[in-house]
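Trainee: Given the sequences, and given the hints that come with them, work out the whole structure.
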Amino acid sequence: MAVRAALLRHVRVPLQTLNPAVTLTGPKWGPPSLRWMSSHDDHLTKNEVTDRVLSVVKCFPKVDPSTVTPDVHFQKDLGLDSLDNVEIVMALEEEFKLEIPDKEADKIDSTNLAIEYISNHPMAS
Amino acid sequence: MGASSGPRLSGMQRQVLSLYRGFLRAARLKSAEDRPKIESLVSNEFRHNAKNVDRKNFLYIEYLVRRGRKQLDQLKSPDTVGLSALNVSFSERLK
Numbered sequence: 001m002a003v004r005a006a007l008l009r010h011v012r013v014p015l016q017t018l019n020p021a022v023t024l025t026g027p028k029w030g031p032p033s034l035r036w037m038s039s040h041d042d043h044l045t046k047n048e049v050t051d052r053v054l055s056v057v058k059c060f061p062k063v064d065p066s067t068v069t070p071d072v073h074f075q076k077d078l079g080l081d082s083l084d085n086v087e088i089v090m091a092l093e094e095e096f097k098l099e100i101p102d103k104e105a106d107k108i109d110s111t112n113l114a115i116e117y118i119s120n121h122p123m124a125s
Numbered sequence: 001m002g003a004s005s006g007p008r009l010s011g012m013q014r015q016v017l018s019l020y021r022g023f024l025r026a027a028r029l030k031s032a033e034d035r036p037k038i039e040s041l042v043s044n045e046f047r048h049n050a051k052n053v054d055r056k057n058f059l060y061i062e063y064l065v066r067r068g069r070k071q072l073d074q075l076k077s078p079d080t081v082g083l084s085a086l087n088v089s090f091s092e093r094l095k
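In the order they appear, the protein sequences are chains A and B.
Per UniProt numbering, the first sequence starts with residue 1, numbered consecutively.
Per UniProt numbering, the second sequence starts with residue 1, numbered consecutively.
Quick caveat, the hints were computed from the structure, so don't treat them as lab data.
There could be a bad hint or two in this list.
Unchecked claim - Calculated pairs, BS3-like style, for lysine-lysine (alpha carbon to alpha carbon, straight line, at most 25 Å):
1. B:K51 <-> A:K97
2. B:K51 <-> A:K62
3. B:K70 <-> A:K103
Unchecked claim - Take a look, some chain A residues computed to stay more than 12 Å from chain B by CB distance:
4. V3
5. A6
6. R9
7. N47
8. V68
9. E87
10. M123
Unchecked claim - So the derived label-pair ranges between C-beta atoms look like this:
11. A:A91 <-> B:L9: 47 to 55 Å
12. B:F58 <-> A:P101: 38 to 46 Å
13. B:D79 <-> A:G79: 18 to 26 Å
Positions of the beta carbon are idealized from the N, C-alpha and C atoms, including for glycine.
Mentor: In structure tokens:
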């Protein structure tokens, strides 16, 4: 972070580089405003994450797909137990090619938190 | 991550879930043919114990977690295809 801050202090990017063609190929450490609205310039929008998270949850054998919405709680709303919860988070890991550490995985107990975690994860793909 | 709305997990629950996760991770590394078999055995074993072991029986749960960790280490070895190691505990329990 220190390096990034130091770079940002010295790099001056003229405003016209804000056009989309440049943001796509632009450097990863571009001005924060470029990253602000596009969760991660080069991949995964939040909508895409939401769709894929929902489809993973809907495919879970014990889940009735019609009950799945972007803010269901796995255990309270879908009647799953903590072992199912582990299985869903593992399935999400595979879908997005991530490894979620235990400490974080234990906290992900709803589609909402899953979407939030994954869309903020730099390695999700 | 924000505050979770669910009940907080006890240390022991967290250990069990972490062990379960470990087994599922190890199963991923096995062949496409063995993986579902291992997953279903492991899942059955955990669910069986979750249903039948008294949640206050800490000594026994600790014992199961320790035994599970040893089995997980065995399963992680590339030579283990999984079923034999797990079958031992399965048949022991049925006695």
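Trainee: Look at each hint and say if it fits the structure.
Mentor: Here's how the hints hold up against the structure:
no.	hint	result
1	B:K51 <-> A:K97	violated, 32 Å
2	B:K51 <-> A:K62	holds, 17 Å
3	B:K70 <-> A:K103	holds, 22 Å
4	V3	holds, 26 Å
5	A6	holds, 29 Å
6	R9	holds, 30 Å
7	N47	holds, 21 Å
8	V68	holds, 17 Å
9	E87	violated, 7 Å
10	M123	holds, 16 Å
11	A:A91 <-> B:L9: 47 to 55 Å	violated, 20 Å
12	B:F58 <-> A:P101: 38 to 46 Å	violated, 26 Å
13	B:D79 <-> A:G79: 18 to 26 Å	violated, 40 Å
Checked against the numbered hints given earlier, the structure breaks hints 1, 9, 11, 12, 13 and satisfies all the rest.
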